[in-house]
Amino acid sequence: DTGVSQNPRHKITKRGQNVTFRCDPISEHNRLYWYRQTLGQGPEFLTYFQNEAQLEKSRLLSDRFSAERPKGSFSTLEIQRTEQGDSAMYLCASSKDPGPTYEQYFGPGTRLTVT
Amino acid sequence: AQSVTQLGSHVSVSEGALVLLRCNYSSSVPPYLFWYVQYPNQGLQLLLKYTSAATLVKGINGFEAEFKKSETSFHLTKPSAHMSDAAEYFCAVSALGGGADGLTFGKGTHLIIQP
Numbered sequence: 067d068t069g070v071s072q073n074p075r076h077k078i079t080k081r082g083q084n085v086t087f088r089c090d091p092i093s094e095h096n097r098l099y100w101y102r103q104t105l106g107q108g109p110e111f112l113t114y115f116q117n118e119a120q121l122e123k124s125r126l127l128s129d130r131f132s133a134e135r136p137k138g139s140f141s142t143l144e145i146q147r148t149e150q151g152d153s154a155m156y157l158c159a160s161s162k163d164p165g166p167t168y169e170q171y172f173g174p175g176t177r178l179t180v181t
Numbered sequence: 025a026q027s028v029t030q031l032g033s034h035v036s037v038s039e040g041a042l043v044l045l046r047c048n049y050s051s052s053v054p055p056y057l058f059w060y061v062q063y064p065n066q067g068l069q070l071l072l073k074y075t076s077a078a079t080l081v082k083g084i085n086g087f088e089a090e091f092k093k094s095e096t097s098f099h100l101t102k103p104s105a106h107m108s109d110a111a112e113y114f115c116a117v118s119a120l121g122g123g124a125d126g127l128t129f130g131k132g133t134h135l136i137i138q139p
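Sequence lines, in order, name chains R and Y. All residue numbers for the first sequence refer to my numbering, where the first residue is 67 and numbers rise by one. All residue numbers for the second sequence refer to my numbering, where the first residue is 25 and numbers rise by one.
Derived from the structure by calculation, the hints contain no laboratory data. Keep in mind it's a predicted model, so treat the numbers as computed, not measured. Just so it is clear, CB atoms sit at the ideal spot from N, CA and C, and this is done for glycine as well. Just to be clear, a hint being listed does not mean it is correct.
[Claimed, not checked] Dumping the calculated DSSO-like pairs for lysine-lysine here, alpha-carbon to alpha-carbon at most 30 Å:
1) Y:82 with R:162
2) R:123 with R:77
3) R:162 with Y:131
4) R:77 with Y:93
5) Y:92 with Y:82
6) Y:82 with R:137
7) Y:131 with R:80
8) Y:82 with Y:93
9) Y:131 with R:123
[Stated by the list, open to error] Here are some of the chain R residues that sit facing chain Y, going by a computed Cβ distance under 10 Å:
10) 90
11) 106
12) 113
13) 114
14) 122
15) 174
16) 177
Turn these sequences into a full structure, and let the hints steer you where they fit.
Structure below.
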């Protein structure tokens, strides 16, 4: 069990550019989540996958955001035409199905700075 | 819909003193409740969770929390604070079985330990 990994850890981009982040969940975790955390705030839920199916999207996820999880393994989060308001820490988490042992394990995050 | 309120954005205690971080939740279905800790520039680490078993939950690093349905509370305590406890603490709720699966976080409480 190597934990949830995210790449890159830091990304600086210019306004209007597209960026893509990758998340590798803990193996055998069928659920994968994306959150956004801005300075001084708690994480905000963006979307989640059960296997390869994207089951829920937050209203925070504008049409510039898209997430995929091909084959139910790693996931990518793409932001098109970035805006300064997109600057935040993007967190990924994974879990098994709900039950008494349910918990979400978080990765270290990708910090995005839009200049 | 779920929500979490953490009373006090900053809490300061002396080393060796009792730590009490407050969390109140709102959920339309029986909730799962969590406390996470976040150290600077790191991801979130689970301290403890309530998943409808025992109402008094013990976690890592000497922390515990008690689920009180009548008060809709899940306050986090530690009998004796240590300098290493200085961090940001987040309470979160999940309404598993109620449709939404992403965690809803509070705004966080910054714990300061005075020597």
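Does residue 113 of chain R pass the interface check with chain Y, least Cβ-Cβ distance below 10 Å?
Cβ of residue 113 of chain R sits 8 Å from chain Y, so the hint holds.
Hinted pair residue 82 of chain Y and residue 137 of chain R, Cα distance within 30 Å:
At roughly 37 Å apart (the allowed maximum being 30 Å), residue 137 of chain R and residue 82 of chain Y break the hint.
Min Cβ distance, residue 90 of chain R to chain Y: is it shorter than 10 Å?
violated, 13 Å
For residue 92 of chain Y and residue 82 of chain Y, compute the direct alpha-carbon distance and say whether it is at most 30 Å.
holds, 15 Å
30 Å limit on alpha-carbon distance, applied to hinted pair residue 82 of chain Y and residue 162 of chain R:
holds, 22 Å
CA of residue 131 of chain Y to CA of residue 80 of chain R, is that 30 Å or under?
holds, 29 Å
Hinted pair residue 82 of chain Y and residue 93 of chain Y, Cα distance within 30 Å
holds, 17 Å
Would the stated hint for residue 177 of chain R survive a check requiring a Cβ distance to chain Y of less than 10 Å?
holds, 8 Å
With chain Y as the partner, please determine if residue 174 of chain R meets the hint condition of a C-beta pair closer than 10 Å.
holds, 4 Å
What's the verdict on residue 77 of chain R and residue 93 of chain Y, does the C-alpha distance respect the 30 Å limit or exceed it?
The hint is violated at about 43 Å.
Need the status of pair residue 131 of chain Y, residue 123 of chain R: alpha-carbon distance at most 30 Å?
OK: residue 131 of chain Y and residue 123 of chain R at ~21 Å, within 30 Å.
Against chain Y, is residue 114 of chain R within 10 Å by beta-carbon distance?
holds, 6 Å
Of the hints listed earlier, those the structure fails to meet are numbers 4, 6 and 10, in rising order.
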